[in-house]
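Going line by line, the protein sequences match chains A and B. Counting along the first sequence from 1, when you hit position 769 you're at 960 in our numbering, and nothing is skipped either side. Counting along the second sequence from 1, when you hit position 54 you're at 607 in our numbering, and nothing is skipped either side.
It is worth saying that the hints were derived from the structure and are not from the lab. Backbone N, C-alpha and C fix where the C-beta goes; we use that ideal spot for every residue, glycine too. Fair warning: there could be bad hints in the mix.
To be verified - What follows is a list of derived Cβ distance ranges for each label pair:
id, chain 1, residue 1, chain 2, residue 2, range
1, A, 826, B, 607, 33 to 41 Å
2, A, 727, B, 580, 58 to 66 Å
3, A, 1142, B, 560, 19 to 27 Å
4, B, 606, A, 1132, 48 to 56 Å
5, B, 606, A, 506, 38 to 46 Å
Claimed, not checked - Some chain A residues judged to face chain B by a derived CB distance under 10 Å, without partners named:
id, residue
6, 693
7, 716
8, 832
9, 1113
Unchecked claim - If you want the footprint, here are the derived chain B segments under chain A, 3+ residues with CB under 8 Å:
id, stretch
10, 587–595
11, 611–620
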Amino acid sequence: MKRCKVRDMNLYYRVGAERDLGTPAANGNPAANGGAGAAPTVNVRIDGRPIAVPEGTSVMRAAGLAGASVPRLCATEDLAAFGSCRLCLVAIEGRKGYPASCTTLVEEGMVVHTQTPRLAELRRNVMELYISDHPLDCLTCAANGDCELQDMAGAVGLRTVRYGYDGAHHLDKPKDESAPYFSFDPAKCIVCSRCVRACEEQQGTYALTINGRGFESEVIASQNEAFIDSECVSCGACVKACPTATLIEKSVIEQGQPESAVVTTCAYCGVGCSFRAEMQGDQLVRMVPNRDGHANHGHSCVKGRFAFGYATHGDRITTPLVRNSIEDEWRPVGWDEAIRTAAERLKAIQARYGRKSIGGVTSSRCTNEEVYVVQKFIRAAAGNNNVDTCARVCHSPTGYGLKTTLGESSGTQNFDSVMQADVIVVIGANPTEAHPVFASAMKRRLRQGAGLIVVDPRAIDLVQSPHVRADHHLQLKPGANVAIINALAHTVIDEGLEDEAFIRARCDMAAYRIWRAFISEARNSPEATAEATGVPAAQVRAAARLYAQAGNGAIYYGLGVTEHSQGSTMVMGIANLAMATGNLGRPGVGVNPLRGQNNVQGACDMGSFPHELAGYRHLSDESTRRLFEAEWQVALDVEPGYRIPNMFDAAIDGEFKGLYVQGEDFAQSDPDTQHVYAALSAMECVIVQDLFLNETAKFAHIFLPGCSFLEKDGTFTNAERRISPVRKVIDPLAGMDEWDITCRLSTAMGYQMHYAHPSEIMDEIARLTPTFRGVSYAKLAELGSIQWPCRDEASAGTPLMHVDQFVRGKGYFAPTPYVPTEERANARYPLLLTTGRVLSQYNVGAQTRRTDTVAYHSEDQLEIHPADAEVRGIVDGSWVGLKSRAGETVLRAAVTERVLPGVLYTTFHHPESGANVITTDNSDWATNCPEYKVTAVQAYPVSKPSQWQEMFRRFTATQQQLSEQALSEV
Amino acid sequence: MTVDSAKLVRMAEQIAANLAYTDDVPLVAARVADHLNRFWDPRMRHALVEIANGEADRLSPVLKAAVARLRGIIGEPAA
């Protein structure tokens, strides 16, 4: 076994500055051109040095590769060459004039000089003009030390500015400091257009423009608005692209330039962007997207780029706390006492109520290693399988559905595959809000001409946004997913659009025949399902034809698919449709779940579900069980344990009494809040391990302070199965690694668990899990990231799955009968509420609400169609009461045509909104994933908060008091 | 045991409805039983068996047939 001695590897942590070769690679950033094959090479000579580069490479890039840096201002490797600054001129033998090296491509035999006396003179003249209209406050400028204009002035040897500074200029333009994270100082702008191009090419928002012409040219946001009021989504691409101090992070203005950097992985969504955490000593200055990041290719969103302030927020708890009951004050204690108390209480509960009376929940926000030790702790130390993970409430149907049909519980493609898709189908997902960096790649492909089908009850941004318009928006009623996927598949069979050769070669024919007979039934036709779906049959048929005849059809889906009573059926329906049309097993196609949390995939991979061990192997599989029993030296229970909702039900029944919660906030995130409150209140020992005293901690008896992602070593696995390193940037604020907390708890419970470093945990995972064989920290350091399966030491991972055959052998067509949800509109609850997210907040908001991002979304609102609002006397901005069979809450109305009549929509980022007071205990039949996306409700104007909200405020105030008194003593 | 039996029956019937793509009751019942054995913890399965023994009328024919197989497969006592 190859052991990685991470502590010896200084390079594992610290990295140098990013090199910028000025223009993108000829075969491109794979995200930009779909990873086309290698181009033939061209031989050139630059400053006397011969070099061979791929055809299509710019002279500037070739020069950089040959070790010569051509001066430039408007060029950067992240953006297409633009040729406006006139600084990168070069001399090419046999050619007249001095062409711009960024827009000139290499040719065979070309001889280039990057520096001659004439070039030096030309460049100095250009710089002289720039500097004649630029403030000369370099010493006190925030970009001092990281200013390309300053560098270029130095590089070209600018010594005088002959024009003086008295003429017309832009130096008096006021700063725009309205955006929370960066400032815009137009006085320092050189109009290189890098920001405008970054907004277009990288982000795809088109919020920035060059206004005016010639000397009047200026960068403006939207219609010359303040940044905060503009369409800007604060992704930070313009800030990264800016060569001067015009667009700069406020953190750099406040703190100064960073002096070192550590490459790590974002802890927000399932895209899993790679970032450079740029530091001064142990102080984080800024997070900059890593150009070599394999998931994000140098792009970012507002959360990963800027919303990290929560890590050092004053609300962070850094001392373990204990109390006897939730009416008691919290008492700060040392780690030893906290661990001992937790172990004693859990053991006492087991002694009194039985082995199965306790359990644990792993977090999709934590690392693979942290998750792995929690499920090991429950199975080995608690001696039962009562372990589950928050994927239960998001993507558990993905695991079930894809395992059943394709044989593996994961998406089939890498993100870059989207650049080869001809038609993109987005079902129940809102990538521009929830997976913004991947959405930018998707929008790039759509701008290149790919077709788009959106299946969503709501007009999400992708339906129509700058240079993107859906060919079909199947605006179905909430709850009709399976009806519509069946109608699409029915059309494929009915109209002879199936890929017979693919089906015959790749799929289980017996199952296919059964499915074919089922799907051909008239009840599944677009005509028969139109009433249930609300979508005209002709539109469904047209969409089916577009997808089936696409060439490469790629399906992306999100929680709008899984969080339904038929979530698992819908996932299987999607897989059936992809198999029937041959859209699997090559670039540009596939079935792609967009995972919510950074490590949902990893938490599931690590054996967090109560019925299976790491690598999705069922407990009843004896050889797997034996393998784990031998490694762990303990006998395992063969019976599946409780899922999260089963734990709550059992708690209310009085049979489940102790819970160890790793970084999850059920009391806000799980449906039917009052049921959750009752369940948590019924337990005798709730242990919460988290950053903050969150909603669930109000019901806790022991609080173990966890670490932010900046304080950990470990790995996250993103939605494309990519295992990426998380590196410790600062030491744990509470003085204890999270994996170590669990190990100590286990040891105190009587099951010894000891590791010197998380790399040893990964080594154990790799020993026990076939899809992780050969994964090690050393290999991650070498490759940057690895997409599992990584089946042996030599494998560099698997970007595309099911290439030659499906993981289960033959693809399985599962019949998918449409069973309408029991949660339907009636006279008492005539409207259907569905829920979602916004870009600037993240899930329960525990992190993002503790950052300046609140400037973008300070409260959850209720979207309601004007027709529904009018008949109820509800006006935009007024308070609306919302009642379901589960509960009642009050939200502020946003009257909008984004939702259909009869449909309401809200987000759940703020606990006092009580969105989950409304949602019910109805769940997916196969996995108990809650049906967050459909709740029958009534809405009516009100003037005060709901009873629940009043109770919530009182309870919150009491709990705050109980913690404040304790914490003031720390 | 004070299990919320209405909820348990509802969840089990949802499984039966989603696996019932054919009228072949024994086939569907076998799949339902397999699903319950693989994914439901024993306490919940026991509770379902108890309901089947005491108040069989509350269960659909498919679910009744599935519970019979459940007992057969897992070899657990009915009460």
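Checked hints:
Range check, residue 826(A) to residue 607(B): Cβ separation about 34 Å, and the 33 to 41 Å hint holds. For the hinted restraint 58 to 66 Å between residue 727(A) and residue 580(B), the CB-CB distance of approximately 36 Å leaves it violated. Remark: the range hint 19 to 27 Å for residue 1142(A) to residue 560(B) is upheld by a beta-carbon distance near 24 Å. In this structure, residue 606(B) and residue 1132(A) meet the distance hint of 48 to 56 Å, their C-beta atoms being roughly 51 Å apart.
Separated by about 53 Å at the C-beta atoms, residue 606(B) and residue 506(A) break the suggested range of 38 to 46 Å. Below 10 Å, beta-carbon pairs count as interface contacts, and residue 693(A) has none with chain B, the closest being about 23 Å; its hint is therefore violated. Annotation: residue 716(A) was flagged as interfacial toward chain B, and the flag is violated, the nearest CB pair being 16 Å apart, outside 10 Å. For residue 832(A), the interface hint holds, since its Cβ comes within 10 Å of a Cβ in chain B; the closest pair sits about 6 Å apart.
Below 10 Å, beta-carbon pairs count as interface contacts, and residue 1113(A) has one with chain B at about 8 Å; its hint therefore holds. Taking a C-beta to C-beta cut-off of 8 Å, the stretch 587–595 of chain B contributes 6 residues in contact with chain A, enough for the three needed, and the coverage statement holds. Evaluation of the coverage hint for the stretch 611–620 of chain B: breached, as 0 residues show C-beta separations to chain A shorter than 8 Å, against a requirement of three.
Going through the hint list in order, the structure does not satisfy hints 2, 5, 6, 7, 11.
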